[in-house]
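Asks: Construct the complete structure from the given sequences, taking the supplied hints into account.
If you read the sequences in order, they're chains A and B. Take the first sequence: its letters are residues 1 to 268, numbered as in the numbering used here. Take the second sequence: its letters are residues 269 to 411, numbered as in the numbering used here.
Heads up, some of the hints might be wrong.
Stated by the list, open to error - Mimicking BS3-like on lysine-lysine, the simulated pairs with C-alpha atoms at most 30 angstroms apart in a straight line are:
1) Lys152/A <-> Lys395/B
2) Lys405/B <-> Lys266/A
3) Lys90/A <-> Lys10/A
4) Lys3/A <-> Lys24/A
5) Lys255/A <-> Lys363/B
6) Lys152/A <-> Lys405/B
In case anyone wonders, no lab produced these hints; they're calculated from the structure. All of these numbers come straight from a predicted model, not from anything done at the bench.
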Amino acid sequence: MQKLRDKVRKLLADGKVAGYIGYKMVEAHPLPYFFTKDRLTEVDEAIVAPGDARYPLDKLLLQVAARYPKDAFAIQVRGCDERGLIELYKWGQLDPDQVVLVGVACPQEQADYCECPGPFPAVIDYGEKCQPVAQSKRVARVESLAGTDAFKEWLAHFGRCVKCYGCRDVCPMCFCKECSLEHPDLMSTGLVPPDTIFQLVRAIHMAGRCIDCGLCEETCPADIPLRVLYKKANALVKDLFDYETGSPTAVSPWKVLGEEATLETKPM
Amino acid sequence: MGDQMFEPKILGFFCNWCTYAGADLAGVSRLQYPPNIRVIRVMCSGSVSPHHVLRAFQKGADGVLIGGCHIGDCHYLRGNYMTIKRMRFLQDLLKFIGLEEGRLHLEWISAAEGPKLAQTVRDFTAKIQNLGPSPLKRTAQAA
Chain A
1 MQKLRDKVRK
11 LLADGKVAGY
21 IGYKMVEAHP
31 LPYFFTKDRL
41 TEVDEAIVAP
51 GDARYPLDKL
61 LLQVAARYPK
71 DAFAIQVRGC
81 DERGLIELYK
91 WGQLDPDQVV
101 LVGVACPQEQ
111 ADYCECPGPF
121 PAVIDYGEKC
131 QPVAQSKRVA
141 RVESLAGTDA
151 FKEWLAHFGR
161 CVKCYGCRDV
171 CPMCFCKECS
181 LEHPDLMSTG
191 LVPPDTIFQL
201 VRAIHMAGRC
211 IDCGLCEETC
221 PADIPLRVLY
231 KKANALVKDL
241 FDYETGSPTA
251 VSPWKVLGEE
261 ATLETKPM
Chain B
269 MGDQMFEPKI
279 LGFFCNWCTY
289 AGADLAGVSR
299 LQYPPNIRVI
309 RVMCSGSVSP
319 HHVLRAFQKG
329 ADGVLIGGCH
339 IGDCHYLRGN
349 YMTIKRMRFL
359 QDLLKFIGLE
369 EGRLHLEWIS
379 AAEGPKLAQT
389 VRDFTAKIQN
399 LGPSPLKRTA
409 QAA
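Replies: Given below as structure tokens:
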């Protein structure tokens with residue numbers, strides 16, 4: 001923890017960044033906190049949030065960066081947060097030159113719980129690298145079901161939706177000003193549970209964009225296994241287009257038409 | 269209902285430059301195909317968003333047929349590159365949630381392929397007739 005605090009303190013004191021988005025204990029709760037140079041002593045209280053207390057720091061950074069577009073900021077990132085930042089750079093939402101990473105490696109239990117493909121960022125200031133989980137057992141289970149059984153299961157899940165939009169609001173990758181989930185031409189309005197396609201529309205938006213942080217699923221009051229759906233969407237993008245979400249170099253298949261069409265139409 | 273034949277509702281998104289012209293050709297050639305298909309003419313199959321397909325299923329379509337130019341023949345050069353990416357992804361996603369495969373079909377049909385268009389619509393209609401009403405629709409009506 002000391003190494004992390006020293007790094008943050010130095011960044012702030014040298015004026016490299018205008019602020020640091022991290023965590024602090026507030027009333028015995030680990031909450032996101034914005035540290036600045038003016039209140040440098042507070043950095044002694046900066047913490048790494050325990051595994052089960054995670055917040056969409058990327059999303060907070062988006063808001064801060066939009067308000068202060070000329071300033072650089074440091075941010076505490078796990079593997080997923082870093083993937084999120086990379087995708088946000090790609091989609092033109094943040095400038096990589098204005099973001100300084102303070103990296104945290106997740107413990108193995110967290111990686112196993114998340115079935116995380118990359119549980120540590122490129123820069124590690126706290127924690128040790130652990131083993132990534134390549135294959136999701138949860139996705140494999142649904143894949144093994146017969147079509148009608150899978151459909152029944154998903155329908156039961158979708159039918160519990162109370163349309164709180166929590167999954168969208170917590171999602172660090174949901175940055176659009178207008179949302180198709182609220183567009184009356186694309187989605188019926190005034191229905192609870194919403195249209196069956198509600199979660200599917202979100203799934204198509206998450207394809208090649210979901211960083212698999214899992215906050216949607218943790219937020220969902222109806223316990224809809226959203227993460228399984230989005231993990232599969234990402235796996236499909238990997239299979240079809242060989243695109244790894246959060247890869248620093250690869251270009252999203254949805255951003256370019258490509259030089260040639262590599263896919264064939266399916267036979268009827 | 270009893271022995272009454274199930275008449276599926278099929279929505280077609282046909283590209284203005286190829287498939288729609290192919291449908292025109294099928295028409296003037298007096299080729300017969302089932303009237304279950306309702307066609308929406310779009311300027312490019314690449315302008316068909318997965319939103320439109322999902323919305324069609326929600327609104328009661330039993331099948332969705334997308335028709336575009338052959339690869340290399342796109343009026344906008346490479347619009348159909350995006351069509352195939354989107355639709356292949358959506359087909360696989362729908363399979364994952366357990367919707368029968370084949371309710372969403374993509375076919376490249378040029379302006380000269382009137383007979384292919386008629387045959388595709390005949391085959392697709394028969395296929396959807398076999399599958400029966402879309403379960404997505406049933407849910408929508410129950411709600």
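Asks: All hints, please: hold or fail.
Replies: Each hint tested on the structure:
For the suggested pair Lys152/A and Lys395/B, the alpha carbons sit about 22 angstroms apart, so the restraint of at most 30 angstroms is met. Under the criterion of a C-alpha separation no larger than 30 angstroms, the hint pairing Lys405/B with Lys266/A is consistent with the structure, at around 23 angstroms. A threshold of 30 angstroms between alpha carbons decides the hint, and for Lys90/A with Lys10/A the separation of about 29 angstroms falls inside it, so the pair holds. Pair hint Lys3/A plus Lys24/A holds up; C-alpha atoms about 16 angstroms apart against a cutoff of 30 angstroms.
Annotation: proposed proximity of Lys255/A to Lys363/B holds, straight-line Cα distance about 25 angstroms (limit 30 angstroms). Distance restraint check for Lys152/A and Lys405/B: the Cα-Cα separation of roughly 14 angstroms lies within the 30 angstroms cut-off, and the hinted pair is therefore satisfied.
In summary, the structure agrees with every hint in the numbered list given earlier.
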